[in-house]
Every structure is written in structure tokens, then in C-alpha cells.
Amino acid sequence: MSEQVKKIALVGNPNSGKSLIFSRMTGTSVISANYPGTTVDLAAGMFKYCGKDYQLLDIPGIYSLEPFSKADETALRLIKEADIIINVVDATSLERNLSLTLQLAKQGKPMVVCLNFWDDTAHKGIDIDVKNLEDRLDVPVVPISALRNEGIADLVKSLELAGTSGLVNDQMDPWNRIGSIVSAVQKLSHRHHSFLEHISDFTLHPFGGISSAAVILVVTFYLVRVLGEGIAQGICNPLYVRLYHPFVISLSSSIPVEFLRAMLVGASADPLQSFGILTTGVYIALVLVFPYFFSFYCAFGFLEDFGYLPRLAVVLDAVFHRLGLHGYSSIPIMLGLGCKVPAFLATRVLSGRREKVLTISLVLMSAPCLPQSVMIISLGMHYGLAAVLAVFSAVFLLGLGVNVVLQKMTKGELPELSIELPSYRMPSIRLLARKLWLRILDYFREIFPLIVGGVLIIHILDTIGILRFIAGTVGKALSLLFGLPNEIAPVLLLGFLRKDVSIALLAPFHLPVRDFIVASIFMVLYSPCIAAFFTLIKELGVWSSLQIIGVSFLCATVACAFLHMVFQFFL
Amino acid sequence: MTFIDLFKIRPNGARSSPSSSMDLSTARQKAGLRGEVTRLKNGETAKVVELRGSDRIIRKLEAMGIMPGMTIRKKSNSPMGGPIVLEKGGMLFAVGRGLAHRIIVEAAGSQPP
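Listed in order, the protein sequences are those of chains U and F.
For the first sequence, this note's numbering gives the first residue as 1, with consecutive numbering after it.
For the second sequence, this note's numbering gives the first residue as 1001, with consecutive numbering after it.
Simulated from the structure, these hints should not be mistaken for lab results.
Glycine included, each C-beta is placed from N, C-alpha and C at the ideal position.
Some hints could be false.
[What the hints assert, rightly or not] With the C-beta cut set under 8 Å, the calculated list includes, among others, these residues of chain F facing chain U: (1) Lys1047; (2) Gly1065; (3) Ala1094.
[To be verified] With a straight-line cut-off of 25 Å between C-alpha atoms, the simulated DMTMM-like cross-links for lysine to aspartate or glutamate are: (4) U:Lys106 x U:Glu134; (5) U:Lys70 x F:Asp1055; (6) U:Lys411 x F:Asp1055; (7) F:Lys1088 x U:Asp129.
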């Protein structure tokens, strides 16, 4: 009989660095960032030590063994299943972290305590006597720095010594116990505010907070644009035009089957009008969207790891109260500017159902995701800035409108913000690069099958004549309601697969500006893309998801029909 | 004084209502007076004496380490009824205004904790 693989759980307060330790120990990569609630679901990985296999579980951060949210429930269930607990403690806030440590000790499971952020203690004037702490907690204590990859080997070695703490039956009041431990093992020396702490104070100051938020957001979007444009014009476009396109064309010219060739490279030389998988599909994914995807997640990754997002939550808290929410919801909404899927997942740290529904509807409806935004901007700029602004502001206002309606429909308590503000940390370039790489991999893993699949479906439908049928029925409704040409119908339906592609497919229609605005708004709102759709169902269940999508669809229809009417009367 | 220093401490707790600034000055004169943590001036230190509200709210605050007997410092408050920022043992917490009204403290002067 083979020995069962031991399960080891990484348990600790939010933002104590569990995900990074997980990556370091298993060699598998998970996304980490500097805000509480980065991990909302389980990540599991294997590692080997002394010929034995172990399973390591990365668990959402918790403050105590009581569930306050869905992410907390996941965590508690997994702790019960674990054979050994690695309690990850933020060494720079020993006192607060020990509360969970004592609760874990009382579970009576073999345990090791690891003091993460050890490298930060020195310049914060914190001196911890590790040996003494080990004696008092009665379990191995290992100082590490996951950020600098120091002490991980010691941590793995210490697992052999993991034991049940003698504190399992401790009768003393936990906070008195913590007080006695902390005063015995930790010495604080006075030190001056560091530069980063001055910045922290400034970004929390009433005036400084709002002005810095405005500056940071404007600068971020400016940088995203400049960097994205630079990559697109300087690298991707020349590569496509000079190398890739001639290569693909010459390669495909040897394909004897006309139908196949048309499907792969299309008929037109214009990459946006050919409808070929290898031309239009690749052009949109690589030349139009990817540069901005890259630059957005460069900038966003920095803000995440620096620790800015929770401060933004503080600044925006008052605004979000008007939306029936509190400031933490700004984090999913920021994520949603990139992609809706991680944004939906991030709502798991919210405690109430109503809160979740309101946040998800805002994520879904107040702004398009990044690939869509890029396409709306790059097509819309042909009509002028006003057209682009019209699309974005209409979507934003509709999102707010739906929020107001939902607030009325679902009466409930106004949730209150309570969030720990992590210290600002200068992000490590290597970690930023690794995270960006993970996101790029995800992008390509998802984008190519869906683009290829989408363009393929359009082609097949076109050949067997269904396209004409759809254009006839759905198209009639479209032209009646929104004044759009019949042939646009299949493009709209394709949006379910990939919204950026479907917006790009508007290009060959040469729509007048008002139709472009109406079509874009409708395409953003009428339904989430397929990935977002299934994530939504996972998060809220089928019924609520369909309700939200229904509201969104209804809004899109009514608003676009209304806009069309207004345009007809006044333009 | 650097530019950033200007923002470290807000001058005379602007924008708090007249009644609360009255309470504030009395609180400072007689250390030991009770009040909501929102009434503390920025930079002032106080001891938590009571958490009001539902069981759930109390447990949530306690889980974060804000509980009776603890010394906390108010760092700042945000305009328009936004959250207040508390410091405890070098950690920063942002607590929504509604939640902050439930944290009752006893003023202990303005020396650092």
C-alpha cells in the first residue's frame, strides 16, 4: 500500500504573501498582488522533498476561523482537510497575525509558522527573537522572504519538525496571550518615516488622496495608450505588414481548395476586411489588441504590487456608498476594465449577496473590457473623438442607471468598508514580468481558439446559407429598432464568442457615425462574452445570472432604440 | 517642512461639525472621556473601550485586531463621509464611517502609541 500524499495548507491573514510562497515552493505560478483578497479560490500544486510527494494548497487569506465571505468559507473547508498547516505570518505585524496563529494552534494539527517579509523588519525597526517565539508557540518558526526567494528551503525542511502546539489547550484569553508573547519576543526601535510611508500618508490625506487618485488614473491611462500605440506602430504592425502577411499569402496560394483559402486568408488585402482566420483574426489579436493588453497589464500590475488599489478603495468609498456599495468594489471594477472574468472572481471577498450582485452588474455594464475598448477606440477614432466619448459615456451612464434600479429592487443594508491597508512596496521587476507573462499566456490560450472558432462559424454559416436566414430575421429587428443594416446580425451574434472581433467586423460595413455609436453600445451591453457568461453563472447561479443578463440586454435594446430615434430626429 | 509634511496632520480638524469639535476639545482637556473614534483628531491616540453593533460587526472588527483594550491612532478621515484610517501597531486599517461610529474610544492624548 502506498503512503497517501500529505496535504499541506498555506494559511494566513490576507496579503501575507501566501501565493508567492506557493509559487516559490511548487514552481507553479499563481497571480499574486499587494492587496488583501488576491486569492479567492484554491490553488493546489505538488512538490517533492526527500523523495516524498506533498500537495501544497494556497488558500484565501483569513483573519480568523469564522467565515465572513464565500472566500472565507473556501478557506475554512480546506484547513479542515489539511494534514499539515503552514501558518504564514506577516513579520511586520506580528501582533495582529498571531491571533490567527493561536486559533490554528488550537485546531491540534501539525503546524509550522513562517515569518514572511523578514527582509522588511530591519528597516521598519522591528526585531523579533525567533528562537524565543518558537519556544512560546511550541512549533517551528522559520523567517523567510518570499519576495527575495530567501528561506524557502528552510521552510520546506522544517515541515519534518511540524508538531502540534502545546497551546492546543491554552486557557488564557487569546489577546492576553498574544500580548505576553509579543512583549517578550519583539523589540521595536524608533525610526523615521520612510519615503514610501510619506507617499502612503499623502495618498490617504483627504485632499492628497483625491488629487493623487485623479493623477494616477490619468497618468496610467496615458501611459497605457502611449506604450500600446508605440508597440502597435513600432513593432506589431511592421512585423505583420512586412513579414507575416506576405508569408501567409504566399503560403496559402498553394492551397488548391478555394473555400479553404478564403477561410484562411480571405479575399481583401485590408487586414480588417478580409475575414480570414490567419489575416483578420491574427491582425486583431496581435496588432490591434495585444499591444494595449500588454501595456494595460504592465501598468496595472505595478499598481497592484505597489499596494495602491486598497488606497483607491478608501478614496472612492464615499462615491461607492451612493451606489449601495463600499470602496472595496472599486477593485473588481478596476480589474473589469481589463477583463470581466477575474473581476467577477474578485467579488468573492465581498460579504453580502446584494453587494456582489450590485458590483457584478457594475463590472458588466459600466465599461467595456479592454479588447472591446481598444477596438471601439481604434474604429471610432475614424469618426472622431466625440463618437468614442459618446459610446463610453452612454455605456457608463446606462451602467449607473441599472445600478440605481437594482438598488431599488433589492433593499438591503449598506455594507461598510473594513480593509487592511498594506504598506507600499516597491514591486520586484522579475515578479511583475512573471505575472505579465501569466496573463499573456492566458490571453493567447483563450483568444486564438475563440477567434478562429468565431471566424470559422461565420464562414460556415455563410456558405450553407444560414447567415442569410439570420440576417433576414434578426436583421429585420435590428434595422427596425436601431436602423442598422441587415447584414450586421451575424456579427452581433458572433460577439458572444469574442466581442473585440465582432466590433472589428463592423469595419467593412462603413457605417455612418450614428450607426457606429448605436451598434457599439449594443454590442458592449447585449450579452457578456462566453467566458464571462460561464464565470457569472459560477458566481451567482443560473437564475440570477440570467436575470442580470436579461436586464443588461433590455437596457441595451431600449437605449439603442431610443438613441436611434433621437439621431433620426436631430441629425 | 517638505511638501508632503504639509499633509501629514490636518490643521484643526476642519469640516467636522461644531458639536463634535466641542466634544473634541473637552475630550482633550479631560483625558478619559468617551466618544466615537470619528471624533478624534487626526494623529490622536486613544484606547478602544467598546464596540457597538451586531455580533457580526464586532467579530469582524475583532478579527482585524480592533477590540477593547487596544490602543489605536486615528490617521486621517476622508471627505464626504468616507472611511477613516486607523493605525494600530504599525498597521493601517480603513474603516467605513458607519462602522467607525461603533468604535467607542477613551482619549489618551496625542503622543504616539
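How the hints compare with the structure:
no., hint, in the structure
1, Lys1047, "violated, 13 Å"
2, Gly1065, "holds, 4 Å"
3, Ala1094, "holds, 5 Å"
4, U:Lys106 x U:Glu134, "holds, 16 Å"
5, U:Lys70 x F:Asp1055, "holds, 19 Å"
6, U:Lys411 x F:Asp1055, "holds, 21 Å"
7, F:Lys1088 x U:Asp129, "holds, 21 Å"
Checked against the numbered hints listed earlier, the structure breaks hint 1 alone; every other hint is satisfied.
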